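With the hints as extra help, turn the sequences into a complete structure.
There are 6 protein chains.
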Amino acid sequence: MPIITVKMAKGRTMEQKQQFVETITKEAARILNVKEEWVTVLFDEYDRENWASNGQLHSLKFGEGFGKNGAE
Amino acid sequence: MPIITVKMAKGRTMEQKQQFVETITKEAARILNVKEEWVTVLFDEYDRENWASNGQLHSLKFGEGFGKNGAE
Amino acid sequence: MPIITVKMAKGRTMEQKQQFVETITKEAARILNVKEEWVTVLFDEYDRENWASNGQLHSLKFGEGFGKNGAE
Amino acid sequence: MPIITVKMAKGRTMEQKQQFVETITKEAARILNVKEEWVTVLFDEYDRENWASNGQLHSLKFGEGFGKNGAE
Amino acid sequence: MPIITVKMAKGRTMEQKQQFVETITKEAARILNVKEEWVTVLFDEYDRENWASNGQLHSLKFGEGFGKNGAE
Amino acid sequence: MPIITVKMAKGRTMEQKQQFVETITKEAARILNVKEEWVTVLFDEYDRENWASNGQLHSLKFGEGFGKNGAE
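One line per chain: the protein sequences are R, W, V, A, B and D, in this order.
Last residue of the first sequence: number 72 in the UniProt record's numbering, and the count goes up by one each step with no gaps.
Last residue of the second sequence: number 72 in the UniProt record's numbering, and the count goes up by one each step with no gaps.
Last residue of the third sequence: number 72 in the UniProt record's numbering, and the count goes up by one each step with no gaps.
Last residue of the fourth sequence: number 72 in the UniProt record's numbering, and the count goes up by one each step with no gaps.
Last residue of the fifth sequence: number 72 in the UniProt record's numbering, and the count goes up by one each step with no gaps.
Last residue of the sixth sequence: number 72 in the UniProt record's numbering, and the count goes up by one each step with no gaps.
Quick caveat, the hints were computed from the structure, so don't treat them as lab data.
Treat the hints with care, since some could be wrong.
[Unchecked claim] Partner residues are not named here, just some residues of chain A that face chain W (Cβ under 8 Å, in silico):
| hint | residue |
| --- | --- |
| 1 | T25 |
| 2 | F43 |
| 3 | K61 |
[Stated by the list, open to error] Below are the EDC-like pairs computed for lysine to aspartate or glutamate, each with C-alpha atoms no more than 20 Å apart in a straight line:
| hint | chain 1 | residue 1 | chain 2 | residue 2 |
| --- | --- | --- | --- | --- |
| 4 | B | K10 | B | D44 |
| 5 | B | K10 | A | E27 |
| 6 | D | K35 | W | E37 |
As the structure is a prediction and not an experimental result, all values here were calculated from the model.
Ideal Cβ placement from N, Cα and C applies to all residues, glycine included.
The structure is reproduced here in structure tokens:
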């Protein structure tokens, strides 16, 4: 423990994932008072057609990109 | 908030998903006293070999279809 | 199947939950092509200090209420 | 109920899944005092690049295998 | 890995939980080809008013018990 | 999006939670290329008797504390 699950749109690179994992593992250890080897991180990646907000699928709202350039 | 996650077998169309998202977003706003823009809906789609009930994988129980025609 | 999980702030009444369950079960059956008896709905209720957006716990952002009157 | 979700690396066969489902369904019925037909089991399978421990993605730590032969 | 989550109604004893944990950890190791020390088990316990099937909250359908004596 | 869920033992203070939320929201924005206002963080807190590893409930393995002082 802890187990940290990150739900997000598909499209991040393995480098982004590794950088995020390293950072939040260190911060979890520092702030939540655990050892780094106890921290598990999982990524649940979603296609745009499986994520909706405000009553609309993101595949309809944003098309196929991801990130700050125009879309959630 | 709220965040509504729908776990189901693969096979629904984007039209079915959009229709369901619209409907439950409206109903969540009406019944649970939230704004529609606060409602997030996620679909987690499962292959039949990753869903089991009564001790049996659905890939063995139902084959590859979905919906009311013969299967869960 | 399907299994629908609703994550939201604590504070809704049993009547609100029952009304929401009835409605989304019927809509799931109608739109997603399943039988009503296959639909499971779970509520995961959160204290405000366990839900955060935009970098801030909702207990700090909103205080202790819920719903449209001032807060998510 | 109950609903049992198994998060693990991709790579198990349908035979392994079915054997595990049968076993834990029987044990859930026996130990937790439920009927076998109430037990649902879901498998959430992960690519190695979506699972990390101790600050490192398993795709970097273990390569592409799974199981006891060298890796989690 | 793996991480096994058991969602069920409140009411099981610590002895039932420990017995179930021991059993499924052994079976996961045997069938899924992992080491026992890699297996994590989490219990998510639900009040009856937060679990519904067939359009009805279990608090309305079953009252407050659990297990095979009359209820899911 | 993204939605980040942190499963951990009960016992952290609201200050620890807020500090962790601030930090990972900033890091998610920086590394995963999203806006801070899109990031949701949820804490799922567990009693020791609902978390097990290596075939043993943590209530039996560690007693009632949390953090690095003796326990996961």
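Now for the hints, and whether the structure bears them out:
no., hint, result
1, T25, "4 Å, holds"
2, F43, "4 Å, holds"
3, K61, "25 Å, violated"
4, K10(B) <-> D44(B), "9 Å, holds"
5, K10(B) <-> E27(A), "18 Å, holds"
6, K35(D) <-> E37(W), "17 Å, holds"
Of the numbered hints given earlier, the model fails hint 3 alone.
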